Amino acid sequence: IKVETHNSPSALDPYGGALTGILGVNRDIMGTGLGARPVANTDVFCVGMPDETELPSNLLHPTEILKGIHRGVQDGGNKSGIPTVNGAIYFDECYSGKPLVYCGTVGVLPPKIGKLESASKNQKAGDLVVMVGGAVGIDGIHGATASSLVMDKHTTIGMVQIGDPFGQKRMMDFLLDARDKGLYTSITDNGAGGLSSSVGEMSQATHGAHLHLERIPLKYQGLSPWQILVSESQERMTISVAREEYAALQELADLYQVSMANIGEFKDDGLFTCSFNHKLVCQISLKFLHDGLPKMKLKATHEKRKFKSWKESKAPEALDINNHQEILKRLLTHPVISSKEKWIRQYDHEVQGGSVVKPLEGMNITAPNDAGVIWYGAHGVEGTDGFAVASGLCPHFSMDDALLMAKLAVDESVRNLICHGVDPEKIALVDNFCWPDPTPSAKNPDAEFKLAQLVRSCMGLREMVETYSMPLVSGKDSMKNDYHGEKVKISVLPTLLVTALGHVPDVRNVPRSQAKENNLLYRIGTRSYKKYFGHFLHKVVPHLERDNLVEFDFKKTRELYSKIFKATQARCLDSVHDLSEGGFLVALTETLMMDNLGIELTHLIKTGEDQTSFLYSELPGHFVVSVPQNKRAEFETYFETSDLQFLGVVNLSGKITLNQKELDVSELRAFWGGNK
Amino acid sequence: MRSVLILTGDGINSENELARAFSEQGAKVTKVHINSFLKHPKILQDHGVLAIPGGFSFGDELKSGKILAEKLRDTLLEGLSTFVTNGGRIIGICNGFQVLAQLGAFDKNFASRSFTLSENSHGTFMDKWTTLEVDSLAAKKSCWFKNIEGRIFLPVRHKEGRIVPAKNLSLPYGPISYTEVVNGSHQQLAGLVDSTGQIFGLMPHPEVATQEFLYPFRKGVAQNVHKIQTLFKNGITL
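Those sequence lines, one after another, are chains B and F. Oh and the first sequence: position 615 is 615 in our numbering, straight run, nothing missing. Just so we're on the same page, our numbering is the position in the second sequence counted from 1, plus 676.
Rather than coming from a laboratory, the hints here were simulated on the basis of the structure. This one's a predicted model, so the numbers in the text were calculated from it and none came from an experiment. Some hints could be false.
Claimed, not checked - Under the rule of at most 16 Å between Cα atoms (straight-line distance), these lysine to aspartate or glutamate pairs were calculated in the EDC-like manner:
1. 329/B x 664/B
2. 715/F x 251/B
3. 895/F x 517/B
4. 715/F x 254/B
Please model the entire structure based on the sequences and the hints provided.
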């Protein structure tokens with residue numbers, strides 16, 4: 001699994017930036033071990049508010065950016081034949097200067113390919129360096145360095161390329177066939193830095209490489225040797241090939257109509273060497289190339305204060321905290337919470353034939369699921385197990401403290417997996433940091449504070465992976481997510497995306513988000529509801545106090561996940577849906593809305609608890625679940641009494657009855673916006 | 677039982693799940709790259725079914741299925757016609773249907789094109805499960821529909837699936853149609869067969885509907901799986 005960000009290119013050219021983002025992360029998977037097959041894409045977009053009106057004139061409107069990045073990722077996934085199974089679109093004014101575009105891909109590898117461990121890299125000195133796929137032009141030169149600069153009025157669109165998913169699909173088909181025929185010994189993708197980076201990395205294993213730059217296929221003449229070396233032209237992979245296999249590889253490439261070229265050889269002289277028409281143009285010791293850059297030293301200073309937004313947000317209109325109909329209307333119509341169906345439907349979710357849990361449940365009337373689940377059987381594995389992938393993203397909590405934000409992002413990604421039958425003992429995590437610039441300069445006076453938030457988010461991340469006992473297997477960072485205009489500077493909130501990948505022991509036994517008639521509905525969670533904690537109720541109701549959640553016990557949450565997994569394995573759960581943005585009433589509505597079901601909620605609040613906290617808190621580790629009546633006794637044995645709260649029996653009324661008042665589920669669903 | 681030849685390469689996807697759907701019914705399935713097939717077109721004679729999966733051959737540039745159809749036309753057209761005359765069966769799903777449509781496969785001797793598959797009326801790619809109705813005469817008119825009747829559920833995943841008939845030519849028989857407006861297709865048709873009933877083109881994807889756990893809903897799934905399995909079984913039955 002790998003997740004990439006392509007923020008700067010997507011700010012300049014949303015379509016091209018996002019398209020090369022998804023195609024690039026597909027190549028990362030193709031470059032894993034001996035070459036994995038991409039089997040699922042994820043996409044998470046963070047953009048400015050759709051109703052933004054105060055934007056500096058040289059920035060694209062968030063709505064235009066969203067349309068472009070959506071179309072880019074859609075083309076990249078659909079035309080490559082890779083299902084997009086999970087994602088999110090997040091709106092906040094802090095992303096008006098620079099959108100965040102996270103593209104992720106999951107791949108599968110058989111344990112062995114021929115006699116080789118599939119996770120291995122086996123290049124040897126003497127093997128040929130072979131470049132496969134597209135030709136090289138001046139496009140994308142300095143792409144990697146440009147994306148680490150601050151964007152201003154001098155930034156140009158010329159740095160962004162337009163990808164070619166069809167060309168890449170052909171290349172991938174060829175490479176997977178070549179892999180299975182044992183025609184190459186190692187593989188890496190050409191991304192940032194082009195050949196300098198891919199061959200530079202691969203040559204570490206053999207201790208040297210020599211490139212003949214005049215042999216590299218060009219799109220047009222006139223490139224200098226250095227340009228050929230660092231060009232980031234898309235759709236290229238680098239492989240190492242034993243000399244005796246070269247002819248067979250060329251024959252296979254011809255069949256697939258994929259271009260390839262022998263551009264040099266791996267050596268063991270400790271040097272990275274390039275010649276151009278037999279003239280030496282570059283020779284650097286590998287040690288210097290990989291370890292020569294001195295580490296940057298930066299100062300971090302923590303202070304307790306809030307992040308300041310570039311603009312004042314409008315305070316919501318006054319509202320009675322007991323007017324649940326109106327609160328729910330405001331929550332369910334909020335762009336972050338409302339249905340993304342019109343976007344989701346434009347991605348192919350089921351190509352490759354393994355998509356068990358898709359982003360939306362239902363046919364004409366739909367409801368959201370929490371993770372994507374893929375059956376391994378579609379990828380040549382016997383049996384009924386599979387994997388699930390989900391994400392956690394809650395940058396709004398960075399307003400107060402990035403440490404808490406990081407913890408909550410981890411929990412959200414994990415609990416989304418727990419909803420769909422994942423074993424908490426078998427989860428791996430990926431961290432992607434997108435930060436406002438933490439390096440000091442005259443234009444950036446509070447760099448030390450932002451760096452401190454980065455340190456604190458890492459502390460939170462570490463604490464969580466230790467508590468949950470889940471490894472971080474991959475990650476990336478993007479540190480310059482700021483726009484410097486003449487009058488205004490727009491910086492993103494510290495944003496950590498956590499992507500979680502987990503094992504599903506039996507895809508036939510995966511709860512979805514939707515309850516059934518006559519199910520018993522429970523709320524599961526480890527905490528009482530003394531004081532409200534969350535974000536989105538603040539967005540819609542003015543003057544709310546909130547808890548700081550400092551004392552939250554994630555160890556108990558982790559134990560709870562094991563209990564839910566056991567109950568799922570015993571088929572005690574028909575549906576599981578987590579509490580996220582908006583809290584309990586939103587999750588309950590989503591659980592009931594596909595079949596327009598209802599429930600009478602009575603005696604919910606225990607002594608000493610707060611109704612607002614119960615109904616709207618966005619607490620980690622909390623779920624709404626439904627249980628078949630004949631499983632009640634068994635279900636309850638898996639939990640402590642304090643973990644569970646019985647809510648009632650699901651009926652066909654289409655009404656949620658709360659405090660003797662009725663909330664109409666189909667009306668709530670219409671607010672959510674899934675109706676066409 | 678018939679063996680199945682499945683085309684791959686040039687951007688085609690869904691070949692693996694289509695292969696699985698046929699082999700679940702016991703068929704021997706061979707996948708062949710388009711370029712290999714063009715070099716050795718006679719391998720078709722060793723098979724009873726040709727299957728063209730969908731989609732995105734050549735990235736759907738110019739028009740869905742257009743470039744692949746042109747690539748196949750000169751070498752294969754005569755062979756395909758003979759293949760069908762000798763009792764061979766052809767199925768094209770989604771992009772495969774678009775390729776067959778471009779080749780004129782549904783009109784006599786591949787000699788005309790009585791319809792085209794145009795852009796959806798709503799203008800975008802759409803992945804959505806739909807309800808379809810099998811026509812009461814379908815089983816009589818096509819070997820693919822033996823013992824299949826009533827409603828079935830399948831997902832559509834296309835941008836160009838709207839059947840638009842040509843003027844002055846009669847449209848081939850449509851054995852299956854959507855029960856609601858999905859893409860603006862003529863008479864809500866989702867698939868067509870040629871006059872022999874052996875060539876079948878379908879926009880929705882039956883190859884992802886052969887297992888109960890692949891459905892995004894619960895009602896009527898077991899029954900539906902049985903119908904879809906029957907469809908693939910029909911294709912390979914002698």
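How the hints compare with the structure:
no.	hint	result
1	329/B x 664/B	holds, 11 Å
2	715/F x 251/B	holds, 14 Å
3	895/F x 517/B	holds, 13 Å
4	715/F x 254/B	holds, 13 Å
The earlier numbered hints are all upheld by this structure, with none contradicted.
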